[in-house]
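Protein chains: 2
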Amino acid sequence: MRKIYFTPGPAELFPTVEKHYQEAFELQLGSISHRSQLFRDIYKHTAEQLRILMIIPETHGIFFTGSATEIWERLIQNTVEHESFHLVNGSFSKKFFDFSIELNKYAHKMEKPFGEGFDNSEIIVPEYAELICATANETSSGVQMRPAEIHKLKRANRDKFVCVDMVSSAPYPDLDFNTVDSAMFSVQKSFGMPAGLGCWIVNPAMLEKAERMKTHENHIGTYHNLPSLFKNFAKYETPETPNVMAIYVLGKVAEDMNNIGIDTIRKQTEKKAKMLYDFADKSDFLDVFVKNPEHRSQTVVVVNVKEKFAANVIKQVQNDVNMVIGSGYGDFKDTQLRIANFPAVSLGQVEKLIEALKKV
Amino acid sequence: MRKIYFTPGPAELFPTVEKHYQEAFELQLGSISHRSQLFRDIYKHTAEQLRILMIIPETHGIFFTGSATEIWERLIQNTVEHESFHLVNGSFSKKFFDFSIELNKYAHKMEKPFGEGFDNSEIIVPEYAELICATANETSSGVQMRPAEIHKLKRANRDKFVCVDMVSSAPYPDLDFNTVDSAMFSVQKSFGMPAGLGCWIVNPAMLEKAERMKTHENHIGTYHNLPSLFKNFAKYETPETPNVMAIYVLGKVAEDMNNIGIDTIRKQTEKKAKMLYDFADKSDFLDVFVKNPEHRSQTVVVVNVKEKFAANVIKQVQNDVNMVIGSGYGDFKDTQLRIANFPAVSLGQVEKLIEALKKV
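So the protein lines, in turn, are chains X and F.
To convert a position in the first sequence, counted from 1, into the working numbering, add 126.
To convert a position in the second sequence, counted from 1, into the working numbering, add 126.
Hints are not guaranteed to be accurate.
Repeated chains share a single entry, so a pair holds when one copy, or any two copies, can fit it.
[Claimed, not checked] Restricting the straight-line Cα-Cα distance to at most 30 Å, the calculated cross-link-like pairs of lysine-lysine (DSSO-like) are:
| # | residue 1 | residue 2 |
| --- | --- | --- |
| 1 | K361 | K459 |
| 2 | K484 | K280 |
| 3 | K335 | K231 |
| 4 | K221 | K231 |
| 5 | K340 | K478 |
| 6 | K129 | K235 |
FYI, nobody ran anything at the bench for these hints, they're computed from the structure.
Computed from a predicted structure; not experimentally measured.
Just chain X, with the same shape it has in the complex:
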């Protein structure tokens, strides 16, 4: 019997994903040329469905990479000449900061303890920072930064780029892409697909910067630099042979989500998250980790486990109802659970999980 994965990525597959892959094999998409009209039509469809789902302006490029991790690197290479600024409150925002240092940039950070979040009013941005890196959802700690706060951050720093790591939350956050400059996500989280594709949304101002940097012999990379990505995207092509099947399936999943409606998906996400947080609040052996309700992630619910080993809880739930929940990240492995609340899991499945947790 198949398991239900409540892990925060890779995660449970969206219910239609396997069917879309079967269709892709029937259409022989594994054999088509990435310079063919058929491929261009697929890329166009996927871009269009993502534009509808996340309200992405026509001016913005929608690019594909091997992973969202790759996009961290490409973003810094292409938009930061000297200085970047990072809001760090967990393992992934920290890693993004580390990338900037590894790329020989002067990387600044404002750091908060694991489990705490950021509001705009408290953020002091260094004067010469060219890029501000915010994380819509810190997967390691289950902390969100609300879109309204990210928008305020950009409005207070109009001369700087703001990019948003949406890896474990897109398309949930209602981001205004006329305000923020860039965002990235990977498909194995909220989109419920097998891993192997990153998606990068970029406005034309970033392209201009990358072009300026290129002429000044900065290292903006080769095939996946912004001039190359934008140039290929103009004809719905990619610089290299891409993961054609995943691009096709992402378009189909985005279409499925558009048919459900993004408002419905957001409401369902919030409803399921509330059920999980309410349960943890009342539970004898669980505690909500993130104290400030406004900073609690809607897509990755993190709870402390009291008087038990997290591993035993995970084991018992799997034995009882064949559901897999995630352990805490890094040092929190033994004391926390991470429960992914992506669109792939239904309200009924969340109820069943809560019932199973009650019996622990």
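Given the coordinates of chain X, assemble chain F onto it according to the supplied hints.
Then chain F, alone, in the frame of chain X:
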């Protein structure tokens, strides 16, 4: 009815690929953690099967990227401080050379016309070149460089790295990985898989160089630099969430190929290639493009089309027998055909294709 793809990449899927993907979905590999023992076992199996298939020493890293194009970039970033040297005789070897320039290296080249190949005796390697880039099979022109010549090139330049682009030929070339330092391929060619995975074979000497470069503030990149790749590979992990399903399927395809036997695969490849070249030689309207028989690719057969448009030949073959052959590359689009001769197409299918071409 499904088509048979004789295109040089993406190409016809290896007969077992779809079944392996189905198994991957049944095993829910799209949902498993890439930090789990199950993933490590998959990576280990794939690496072991590739070691058997291509005789790769235990000391060498076997890494996965988004594409072979990415590996061109990573290789130059990680092993060239100042100067690289490229054997250029087609569009892809030219692009590899261009990458080095884009990465601000002093890139040398020895260039030959489209359709001509390299032997070691004629190659003059610049004194300060750190890396020599050879192409086992130039996909655009159907020219091979034989392993024996590549081995001689390395033996004559022991103080330099030699890397081999095997993109459209691996595992066919019988390369000695105790002689050459590195090679790369992508899965959508001879391995007959959907695109979205590059594979990079690297010896420890290259790791040492990358580590030296890192301490000198050279730009060796971040998560996909050699120190990071080797460190993760030691525990059969990857720096980022990788294309888990494709890594699994590649291991299964390599295992299938090992069951057939690499000698059998090589003999079949040569037999099918000979059939295609012999037919083109005798044909009234076709001509073998590569004049020197020793430089003729065994995996991508390129022929000139006389007195007809290549597009019409392609169209007629597709209408008659539902087989898709590739057009010439770039400027040769109207005057050449490229026929992929990968392990995925059988001797019977090649015979059928030849019969169809006879009727044109």
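Hints and how they fare:
Taking CA atoms no more than 30 Å apart as the test, K361 paired with K459 passes between copies only; the shortest distance there is 19 Å, against 46 Å inside one copy. Proximity of K484 to K280 under the C-alpha cut-off of 30 Å is found in neither arrangement, the shortest distances being 43 Å within a copy and 66 Å between copies. For the homomeric pair K335 and K231, the shortest alpha-carbon distances inside one copy (16 Å) and between copies (22 Å) are both at most 30 Å. With identical chains, the CA atoms of K221 and K231 are at most 30 Å apart both within one copy (14 Å) and between copies (28 Å).
Proximity of K340 and K478 under a CA criterion of 30 Å is satisfied in neither setting, with 54 Å inside one chain copy and 51 Å between copies. In this assembly of identical chains, K129 and K235 lie within 30 Å of each other by CA distance neither inside one copy nor across copies; the values are 40 Å within and 54 Å between.
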